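Just so we're aligned: the sequence shown equals residues 1 to 379 in UniProt numbering.
The reader is advised that the hints may include incorrect statements.
Straight-line C-alpha distance at most 25 Å; calculated SDA-like pairs for lysine to any residue [to be verified]: (1) K183 <-> K130; (2) K130 <-> K54; (3) K267 <-> K54; (4) K322 <-> S306; (5) K171 <-> M209; (6) K113 <-> R82; (7) K183 <-> P356; (8) K171 <-> P119; (9) K113 <-> K267; (10) K267 <-> M358; (11) K65 <-> A293; (12) K114 <-> P69; (13) K54 <-> M209; (14) K130 <-> E177; (15) K172 <-> D162; (16) K51 <-> K267; (17) K65 <-> K322; (18) K51 <-> D332; (19) K97 <-> D348; (20) K114 <-> L311; (21) K114 <-> A293; (22) K54 <-> S234; (23) K267 <-> P69; (24) K267 <-> L359.
I should point out that these hints are in silico values taken from the structure, not numbers from a laboratory.
Keep in mind it's a predicted model, so treat the numbers as computed, not measured.
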Amino acid sequence: MGPMSLSLTGVFKSGAFKRLFETDLVSMLTPRRQLVGLDIGSSAIKLVQLKESKGRYSLQKFGVKLLDPEMIVDGTVMDEERVVSSIRELIEETGVKNKQVAISISGHAVIVKKINLPPMPDEELPGQVKLAAEQYIPFDINEVNIDFHVLPPDSPPDEQGDMAVILVAAKKDKINELTELVKAAGLVPMVMDVDAFAIENMHAVSYPMGQDEVTALVNIGASVMNVNIVRRGSSLFTRDVPLGGNRYTESIQREMGMSHEEAEEAKRQERANGSWQGPLGQVMDGVNAEVAAEVARTVDYFRTSSATAELDRVLVCGGVAKARGLVQHLADRMQVPVEVADPFGEIDVTRSEIDPDMLAEFGPSAAVGVGLALRTVGD
């Protein structure tokens, strides 16, 4: 599926494929300038800037600013002043000059649902999607912005031959919160995306040889896990789960009687040693099993509701992707190949002055940022 953006003004705007020419006058006269990807997470802010040349991408800027746990809680900004300051510091540290950014949302403030509609002319779609949204969206329809994307004809049809449509609804107050936050930092938000679809864009570029496979893209952030099952550039099923890296910290605190700071330090030390042992290892394995169970539950639901072939592969990204034992837990539970994603796999990183050790450490966490940085003005 091409990049999807939520209209910041509330009007309908269907997803536009990244590599097709636009036909409207504005985009014909406007350079297709890459946006800066700004991923504002609960535990860190990630910034990615790419440069496109002849269909290939190179990394220009990459930075990570860690956040204290009380600054953003479960996706809600609790300390706007400090978050804005962190964004400004990240911009200064990376030396980014382009102020136009792509940002994204996930979690309880956004609903993504695959619906079926009878075939109809394009001009009738916005109205019909809005009517359908009133049935599927558990929010007041006046409190959300709605976007949609028609899946390609080779997506599995339903029994009546209806066309499949991805419906996205995001709460206006959440969109306003993020856009005002970014503006306060001196930036210009141009695109509002969804984490799961940003990672889908990353997958299309960094894993071009795997597009025929049915792949589960599992992004585990601090407080939310996105699972997006894709094939041939189209999303077949997506789900957000309120489970993330914070669960590891909370479990350590509860089971081992540590403070938040002590639990985080214990994770860092054991990760540096390359293993988790003793009681700490047991706690971590317990959370790994919980994560694997949620991914399996999502895939099982997909299997029962789709005529698509069985799952071929799982790619894990996000800050928890490299947690010891997680990949093995997933592989044992899913019985398919599982690997940690490399968002920079097909991106030239040799032209940047970014520390290779930093890329190795934070690479899996950059998946959303890379997907956002693939967006351009006019998307």
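Against the structure, the hints:
1. K183 <-> K130: 29 Å, violated
2. K130 <-> K54: Distance of about 38 Å is beyond 25 Å: violated.
3. K267 <-> K54: The hint is violated at about 43 Å.
4. K322 <-> S306: Violated, at about 30 Å.
5. K171 <-> M209: Violated: K171 and M209 sit about 36 Å apart, past 25 Å.
6. K113 <-> R82: 34 Å, violated
7. K183 <-> P356: 31 Å, violated
8. K171 <-> P119: Cα-Cα ~28 Å, so violated.
9. K113 <-> K267: Distance ~36 Å between K113 and K267 Cα, so the pair is violated.
10. K267 <-> M358: Given that 25 Å is the threshold and the Cα spacing comes to 18 Å, the pair holds.
11. K65 <-> A293: The hint is violated at about 31 Å.
12. K114 <-> P69: 34 Å, violated
13. K54 <-> M209: Holds, at roughly 19 Å.
14. K130 <-> E177: With Cα atoms ~24 Å apart, K130 and E177 stay inside 25 Å; holds.
15. K172 <-> D162: Violated, at about 30 Å.
16. K51 <-> K267: This hinted pair is violated, its Cα atoms lying about 35 Å apart.
17. K65 <-> K322: Given pair K65, K322 holds - Cα atoms ~19 Å apart, limit 25 Å.
18. K51 <-> D332: Violated, at about 39 Å.
19. K97 <-> D348: 20 Å, holds
20. K114 <-> L311: Roughly 18 Å separates the two Cα atoms, so the pair holds.
21. K114 <-> A293: Holds: K114 and A293 sit about 23 Å apart, inside 25 Å.
22. K54 <-> S234: 24 Å, holds
23. K267 <-> P69: 15 Å, holds
24. K267 <-> L359: 20 Å, holds
Of the hints listed earlier, those the structure fails to meet are numbers 1, 2, 3, 4, 5, 6, 7, 8, 9, 11, 12, 15, 16, 18, in rising order.
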